[in-house]
Amino acid sequence: MADLSELLALGIADARDGLRARRFTARELTSAYLAAMDEARALNLYITETPERALADADLADARLQAGHAEAMTGMPIALKDLFCTEGVRTTAASRILGDFMPPYESTVSGKLRAAGAVLLGKANQDEFAMGSSNITSAFGPSINPWRVTGAGVGEALTPGGSSGGSAAAVAAGAAIAATGTDTGGSIRQPAAYCGVVGLKPTYGRCSRWGVIAFASSLDQPGPIARSVEDAAIMLGAMAGHDPKDSTSAAQPVPDFEAALQGGVKGMCVGVPKDYRVDPMPPDVEAAWARGVEMAKAAGAEIVEVSLPMTKPALPTYYIVALAEASANLARYDGVRYGARQEGADLAEMYAATRAEGFGAEVRRRILIGTYVLSAGYYDAYYKKAQRVRALIAQDFSTAFQSVDVLLTPTAPGPAFGLNEKTEDPVAMYLNDVFTVPASLAGLPAMSVPIGLTASGLPLGLQVIGRPFDEASVLRLGRAIEDAAGFDRSPRLLAGGV
Amino acid sequence: MSLDRDTVARIAGLARIRVDADELDGLAGELNAILNWVEALNAVPTDGVEPMIAVGATRAPFRDDVVTEGDQADAVLKNAPDPVPPFFTVPKVIE
Amino acid sequence: MGQVIEGRDGPWEMVIGLETHAQVVSKAKLFSGASAEFGAAPNSHVGFLDAGMPGMLPVVNGVCVEAAVKTGIALNAAINLVSIFDRKNYFYPDLPLGYQISQFSDPIVGKGHLDIETEAGPKRIGITRLHLEQDAGKSLHDQDPLRTFIDLNRAGVGLMEIVSEPDIRSGEEAAAYVAKLREILEDLGVCDGNMEEGSLRCDVNLSLRRPGGPLGTRTEIKNINSIRFIRQAIACEAARQIEILEEGGKILQETRLFDPDIGETRAMRSKEESHDYRYFPDPDLPPLILDQTYVDQIRATMPEMRGDRRRRLERDNIPAANVEIITSSAKSMNYFTDMSENFEDKILASNIMVNEIMPRVFYRNSNPDIERLRPSEANTIINMISSGNISGRQAKEAFEFMWEEGKSAADVVAERGLAQMSDDGAIKALVDQVVAANPDKVAEYRSGKTKLIGFFVGQVMKASQGKANPQAVNALLMARLDA
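Chains as they are written, first to last, in the numbering used here: chain A, 25 to 522; chain B, 47 to 141; chain C, 652 to 1134.
Just so you know, the hints here were simulated from the structure itself, not pulled from any lab data. Warning: the hint list may mix true and false statements.
What the hints assert, rightly or not - Cβ pair distances, simulated, as ranges:
#, chain 1, residue 1, chain 2, residue 2, range
1, A, E76, C, N1018, 49 to 57 Å
2, C, Q654, A, A400, 32 to 40 Å
3, B, D52, A, L84, 34 to 42 Å
4, C, P865, B, A67, 40 to 48 Å
5, C, S756, B, K124, 51 to 59 Å
6, B, D52, C, H792, 27 to 35 Å
7, B, D66, C, H792, 26 to 34 Å
8, A, A400, B, E69, 45 to 53 Å
9, B, G94, A, E76, 58 to 66 Å
10, C, I1021, B, G94, 52 to 60 Å
11, A, A400, C, D989, 22 to 30 Å
12, A, S331, C, N727, 50 to 58 Å
13, A, A400, B, A67, 22 to 30 Å
14, C, I1021, A, A91, 52 to 60 Å
Stated by the list, open to error - Think about it this way: if two alpha-carbon atoms lie no more than 30 Å apart in a straight line, the pair counts; the simulated BS3-like pairs of lysine-lysine are:
#, chain 1, residue 1, chain 2, residue 2
15, C, K997, C, K1100
16, B, K124, A, K136
17, C, K678, B, K124
18, C, K789, C, K873
19, C, K678, A, K269
20, B, K124, C, K789
21, A, K408, C, K762
22, C, K831, C, K982
23, B, K138, C, K873
24, B, K138, C, K739
25, C, K982, B, K138
26, C, K1100, C, K1118
27, B, K124, C, K982
28, A, K408, A, K321
29, A, K269, C, K1102
30, C, K739, A, K408
31, C, K1047, C, K982
32, C, K1047, C, K831
33, A, K269, C, K739
34, B, K138, A, K269
Note that the Cβ used here is the ideal one computed from N, Cα and C, for glycine as well.
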């Protein structure tokens, strides 16, 4: 049996090789992670831990390994964002309104991972209904970023980002070998950047949304959060594929993403959109971006400056579209068929009390905005207008992709911020998504890869955006940057009173 | 466009979310801040641009007309608050 | 005309538009794989989507799309190759998603028309549109003193909403419109037309105006489930509106229910507070796109409509009374078509249909027992008659035995010894026997009294116990006597 810290240091690719060579068992690997979860408990990474299920899954994986028909994910201890419905395992969307909802079905993506032999460690913390960029909207309290500012104390905890904050923080803290996330406007990429891990939002339609609790249907997309580009590629392969139960799922073949990594970036044309800037642009972010461009060039890519003039209107467009869809998607939480009902004298009071008590402040705010922009007299001015601008944003990208293969941008306008910052002003919080929402609106694959640390010791990520269904190119450039950056992914843990 | 108390109350009614009277002004302020911010969109010319309503798949696939689920009242009712099997229940509605 | 109501101080004219909800005949629901069958145990035909469970997604049932296209074609309407599913947002306990998936701005079928017969002659009623949408579940208010019970079996069943132009001017026209629409839906096989079970139900939009004057405010009477009630509800609501208008009052635009027991409409208390449905395209469903070839194929395989079939039966010289009975339902028409397939004597077939089949198979018109006596079996029997294998009397017996004993035509004929004797050898033996027994009659015949052939035929038939084929007997006798 291998040493615990040695086991925890392995990514998916190495663990797979170790399991197949029988250097350690899936049970040993899983036990190491269960111990690491104990260690990291102060980070509040999981809403529901499933240690018994994990060990049972691990034993099944060992049997498969023994029998010689293991797949890449067999025996990999992972976390699922608590937005993926899991049969017989409480699923909350980090909301009070779902109560102790026990899904009688398994989401397609988590089912595929399970069928591939992955081990479920638990359900990761997140923003309530994936609505947030900081994890503070979770009804179960926020996850905490395992990174901290150099020299900072326990009291100065940072957000892991959001909404897939628990997933990203769990991977960064070594409390899961990898995790699923979902990305609506940046919910995989931004927390990955804040936590110094890799997060990939696939092309819209690449991974099935069936069984994933919806925030905004035209934007939501499941994807992997992992320690390395290679791990993300392997995990994406197990998550992706056409699902006839999801009308928006793409009938596209799933390439061997791991094999596609080998291609390199020589001759690849990388676009650098000059419009991806905020005012003022933090020097750390600017410098990291420039470093990334140099790395791409050094690896043999050709760099082209491109223009995406619709970048600025993308953020308000995103909020109108996402909140309108959310206002309808969240109408089913009415206390009638499942979830936590609040009593009322009559039906109207029951509804109003259930939804007022069950949803947190940010979710209520977003439902109200979404309801308003769809309401009589405002639909054309807000929603239809936003859908027109959305068409222009998508057009922007397809024009750019006529001359470049991928785009390289910062993932977020800064590093992780303090858990108590930006909570007063919702708009300030929304600005975290400024670089991630354009690709979401256009349905494009996009990945955040760590590039280095700020002066204060916090990770920054760069975003690679690709053509529809060309995750392979995104992964290749991500891999080149990862190789060049030599990012040290060991965070300074806040957990356990360190 | 600016939201007043009454509009917030009407929207909250539509969304079936109870908002107490003393919360209305604060909420109106927050919502207005967001709405003022999204109004930046008005500056974008969109004449002749078709609204984008589908992202990935370009057409709805059809399912075959076969029964694939049912006879699962237990599973359907399992998470229900205050069920009277085989029914869900709500406070009495008068039509 | 009958279209103007004489009021206290002048005539009134009704302006009526109908919204008809027709439940699509399909095995599964519009967007889920749960059964669409009527009458199952509560909440047993419920998929996780139908219960509005988190993360569940809709996929449209191709058969429902096809039904809408067929109906659109039969209504002479434009088929829209691109249509959109929208969400219609409102809260109600029998609406599990908090929205109904429907079609709002871009329905699958556009403008068309339907021709009806009125006392004043034929009249064309415009069709505004037809769209697909989900049915809601059922709320049971009378099971418990404090609670309303919810059964979601109906939730998500496919409906076609067919909207007429406000071209209807009387209760009679409304009734004729619904009857004609039901006939078309039944003929197409897209809706069973059963109004009692709610497979077909109507909302009536009614306003009054001075003839030729501006339109008045309309009310909507919801969910009327019989043609008789439509006529009654219109009469009651028109009377109510006239009384208000003549008292100088105003009509409130509202939704009302018709209570047939007391013959009144009353305003609904629920669903009234807001009509802000916030329609927007359902982001879970890409546009519904049809290929022209798909529509053309459906057009090419449209079943015969009842009017056309009536004309065809009349061309076959089938007596008018029989045509009327056979075309009374789509199922009886289809039965007759199958039964008389490849059969020349349509008049004989129609008589068999009316005298033998209708009283048995179609004794319950809404739910015929076709399995018990299938058209293919009836076809076997009528072919036996025409080929002379059995007589008309034997056919009558055969139908009785088949119906009572549930046996096939071949088995009944064989077991009951109903087959005619058409074996020449056996008949010849009987002919010889009769000729030998009646030498004097033979002599008379041969001397020119040829009318005696009838006597000989009778004797041979008697000897065969009625089983001999009369034509064969006749031919063999002639050959023997004339030899």
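Given hint C/K982 paired with C/K831 - CA-CA distance at most 30 Å: Holds. C/K831 to C/K982 sits at ~16 Å (cutoff 30 Å).
Beta-carbon spacing of B/D52 to A/L84 - inside the hinted bounds 34 to 42 Å or not: violated, 59 Å
Holds or violated: A/K269 and C/K1102, Cα atoms, limit 30 Å. At roughly 81 Å apart (the allowed maximum being 30 Å), C/K1102 and A/K269 break the hint.
Below or equal to 30 Å on CA atoms is what counts here, so check A/K269 against C/K739. holds, 22 Å
Starting from C/K739, check that the Cα of A/K408 is at most 30 Å away, please. Answer holds: C/K739 to A/K408 is near 16 Å, not above 30 Å.
Given a hint of 45 to 53 Å, does the C-beta separation of A/A400 and B/E69 actually sit inside it? Given a distance of about 24 Å, which is not inside 45 to 53 Å, the answer is violated.
Holds or violated: B/K124 to A/K136, with C-alpha atoms at most 30 Å apart: It holds: about 25 Å lies between the C-alpha atoms, which stays within 30 Å.
Cβ separation of A/E76 and C/N1018, checked against the hinted range 49 to 57 Å: Given a distance of about 54 Å, which is inside 49 to 57 Å, the answer is holds.
Just to be careful, I want the Cα atoms of A/K408 and C/K762 compared with a cutoff of 30 Å; is the pair within it? Holds. A/K408 to C/K762 sits at ~25 Å (cutoff 30 Å).
Decide if the proposed pair is consistent with the structure: B/K124 and C/K789, CA atoms, cutoff 30 Å inclusive. OK: B/K124 and C/K789 at ~19 Å, within 30 Å.
Tell me if the beta carbons of A/S331 and C/N727 are separated by a distance inside 50 to 58 Å. holds, 52 Å
For a C-alpha distance cap of 30 Å, please report whether B/K138 and C/K739 respect it. With a Cα-Cα distance of about 24 Å, the restraint between B/K138 and C/K739 holds, given a limit of 30 Å.
In summary, the numbered hints that this structure violates are 3, 5, 8, 11, 15, 25, 27, 28, 29, 32, 34.
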